[in-house]
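> Top to bottom, those sequences are chains A and B.
647 is the number of the first residue of the first sequence in the working numbering; add one for each residue after it.
-15 is the number of the first residue of the second sequence in the working numbering; add one for each residue after it.
No lab work stands behind these hints: they were computed from the structure.
Keep in mind that the hints are not guaranteed to be accurate.
[Said to hold, decoys possible] Straight-line alpha carbon distances no greater than 25 Å define the calculated SDA-like cross-link-like pairs of lysine to any residue that follow: (1) K788(A) - K920(A); (2) K819(A) - S19(B); (3) K196(B) - I821(A); (4) K978(A) - R120(B); (5) K196(B) - N794(A); (6) K788(A) - A197(B); (7) K196(B) - S19(B); (8) K920(A) - V296(B); (9) K196(B) - L121(B); (10) K777(A) - F758(A); (11) K920(A) - S19(B); (12) K788(A) - Y309(B); (13) K920(A) - P291(B); (14) K785(A) - V300(B).
Residue-level listing of the chains:
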Amino acid sequence: MQATQTQESFITDLLRKVFSAAGLTILLTLVIAGATVFIAGPFVLVNAIVTGGMWALMAAGLSLVFGVMNIVNFAHGEFFMVGTLVAYFVFTPLSAHLKTNPSPLLSAVAPFLGVLAAALVGALLGAVIEKTVFLQLRKRTKEQWIMNSFLLTVGLSVIIINGVQILWGTNFKGITRYWEIPPFDILGVTVSVDRAVVFFLAMATMLLFWYFLRNTGTGRAIRAVSQDETGARMVGIDMNRIQVLTMALSSALAALAGASLLFMFPSYPTVGLKPLYIAWYVVILVGMGNVAGALVGGFIVALLQTMTSYFIGPGWEDVIPTAFVMLILLVKPSGLFGSEVKGIHER
Amino acid sequence: MTQSTKTMPSESIPATLEVPPESRLQYINRMLGVSRLGLVLVILLAALPFIPPFNREDLLRWMIGATLIAAQAIAFDFTTGYINVVNFGFAAFLGVGAYTSALLAVELGVSPWIGIFAGVVPAAVLGFFTGVLTLRLRGIFAALMSWFVGLALLGIARNWVDLTRGPLGLSAPRFLETSSNRPYFYIIFAMMIVTYVVLRWITRSHIGLAFKALGQNIDAARASGINPTFYRVLNFTVQCAFAGWLGGFYAHYYGILTPQVMATSHTVEVLAIAYVGGRGSIWGGAFVAFPFIFFFEWLRSTLTDLPGLHLVLYGVLLILVMIFYPGGVAQLYELLKDLVSRFRPDPVSTTKVTK
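So here's chain A without its partners, still in its complex pose (with noise of 0.2 Å):
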């Protein structure tokens, strides 16, 4: 008796949950996602698999920052180029090196070296903006805190750009590939190496960030934070320290994702633009400050993107998600995952 009461629940549970607008839309996606291998092949997903952990990244670093501090990042794709950038500063010459005097070692860990000095730089720049642009403002600002720290984001935003652009040019830095390895063949698609490592290292890096998030005394502070600000201030946790901590995690996260993507997006000064409005679809389709939601969302808007461009033709992969995410913003304000809760954006 008790084990069928306690089954019946689990199973209306589970349809209660496949039934929800996001089981719904996951269910969707699968569905279409088979539709897209059973007609065109399943080498369609590979980059909506390779891209969407990446955007997973961006996406995390965009709600955190949202939720924790309360800002609209409009420069969190800066943080990607910068992350391209310097990924391809620190391995050209690397490569190049290995050119005259082979290391297979060297060759090996090379990329990864690239990636690491982008998510320090990225970290340092988070820091160091944090510190002498929103920190003042926080001192000085009281009212209409979103929209203000909004432009001060869109004013970084140009700054980084018009910087970049003045220190190092306009042209293409990019790199075909990272490791020299010849692809390999996974159910008969040709994925490269550097595709499938990517995919791990995202992952790798999620689960990193979610464990952080969850079992480490500073993460548990930062989810505090973002939940209740006044009350994490009384059980005293140090705010500037959590809101500088915040701003690097972001950053990090966005420059690692540019560098590890360097090889599809070669680094200019206006390529974190895309990267940026897919994030802010990610965060708008699942909902502010769900991690683990960035995750399937991002996987959702790179495929969308991938088939749009392989159904319709390239150049359309922006209009029908921008369509598709306008469609969510106005049926379910909160994202897909989100609690009707009223949050702060709705002040």
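Given chain A, put chain B in place with the hints provided.
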């Protein structure tokens, strides 16, 4: 104490309250809010194309650019400064007006003079729908929604190559056969004045009061009987209509139209000018546009080896204003006016003294 408060009203207040009926001219002046200084500046601006350094063709081009930005900043502030929603897709609506007018001229041979008014219609319709789309959203989410609308419109303009010729650029006929820039300056000058007069009139009427109430607290405004749906959609429609109209000028002045006109960076430019000018002032952005655009154009033409430096300064300035003086130039002006009036004899107190 109590005696004085009792006797004061019966004696002096009726005398001071006897306001002479407002004449029609005074009413117009109150609605438009043109101060003596403002009037002098406008007349100076109108005369500028004949004053020596500014009658050069390159400087006239700068002036036309500045006036166009000034008019856009006025329209931008109409939404940002009043209902407190940033229309982040502003440039896209300008582009819609520009493309409509240019396509009408190219495909159907419609005169640009009619075309720029025809461009208003699709821009206003799209503005209407954007207003409807952003209705349920507040603050920053409405800004994001309008940004997405702008991105979608940009994507359409870029990809519908059969119609817009995409990134290749659509060449539109110009208003006039002349190669002189002076007539164009007077066209855009008149358009700026019309934009100012209409939008200022609306914001000074009871409609503007409703806008302000909605911008400050949407729930309180609703509770006091203001219909948020009507006023927010109205605001968006009017703003986008003006954006489309100004877009028509853009198309028929520059003569070449690429989807880049709808890009976010263009919105950011207008936004920076409007914010440095001062939110909710309508005139602030227009006032700031002239010195700024001149300074930036001068910077661009002297430091040609550093492209983008003027944009870096844009960013720095926007940040500095947001941090240290969010009221912008309009607030600075109010402060100065206050200081001046402190040293001047107060008309009310002098009447009291003579009594």
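> So, for every hint listed, does it hold in this structure?
Here is what the structure says about each hint:
A threshold of 25 Å between alpha carbons decides the hint, and for K788(A) with K920(A) the separation of about 32 Å lies outside it, so the pair is violated. Restraint check for K819(A) and S19(B): the C-alpha separation of about 54 Å exceeds 25 Å, so the hint is violated. Between K196(B) and I821(A), the direct Cα distance comes to roughly 52 Å. Violation of the 25 Å bound is thereby established for this hinted pair. A threshold of 25 Å between alpha carbons decides the hint, and for K978(A) with R120(B) the separation of about 10 Å falls inside it, so the pair holds.
For a cut-off of 25 Å, the pair hint linking K196(B) to N794(A) stands: about 18 Å separates their Cα positions. A threshold of 25 Å between alpha carbons decides the hint, and for K788(A) with A197(B) the separation of about 20 Å falls inside it, so the pair holds. For the given pair, K196(B) sits about 22 Å from S19(B) by alpha-carbon distance, which is consistent with the 25 Å threshold. Taking the CA atoms of K920(A) and V296(B), the gap is near 21 Å; set against the 25 Å cutoff, the hint holds.
At roughly 17 Å between alpha-carbon atoms, K196(B) and L121(B) fall within 25 Å of each other, so this suggested pair holds. Restraint check for K777(A) and F758(A): not satisfied, since their Cα atoms lie roughly 29 Å apart, outside the 25 Å limit. Proximity of K920(A) to S19(B) is assessed by CA-CA distance (about 45 Å); at most 25 Å being required, the pair is judged violated. The straight-line distance between the Cα atoms of K788(A) and Y309(B) is roughly 13 Å, inside the 25 Å bound, and the hint therefore holds.
Under the criterion of a C-alpha separation no larger than 25 Å, the hint pairing K920(A) with P291(B) is consistent with the structure, at around 22 Å. Distance check on the hinted pair: K785(A) and V300(B) sit about 18 Å apart at the alpha-carbon level, within 25 Å; holds.
Hint check: violations occur at hints 1, 2, 3, 10, 11; the rest are consistent with the structure.
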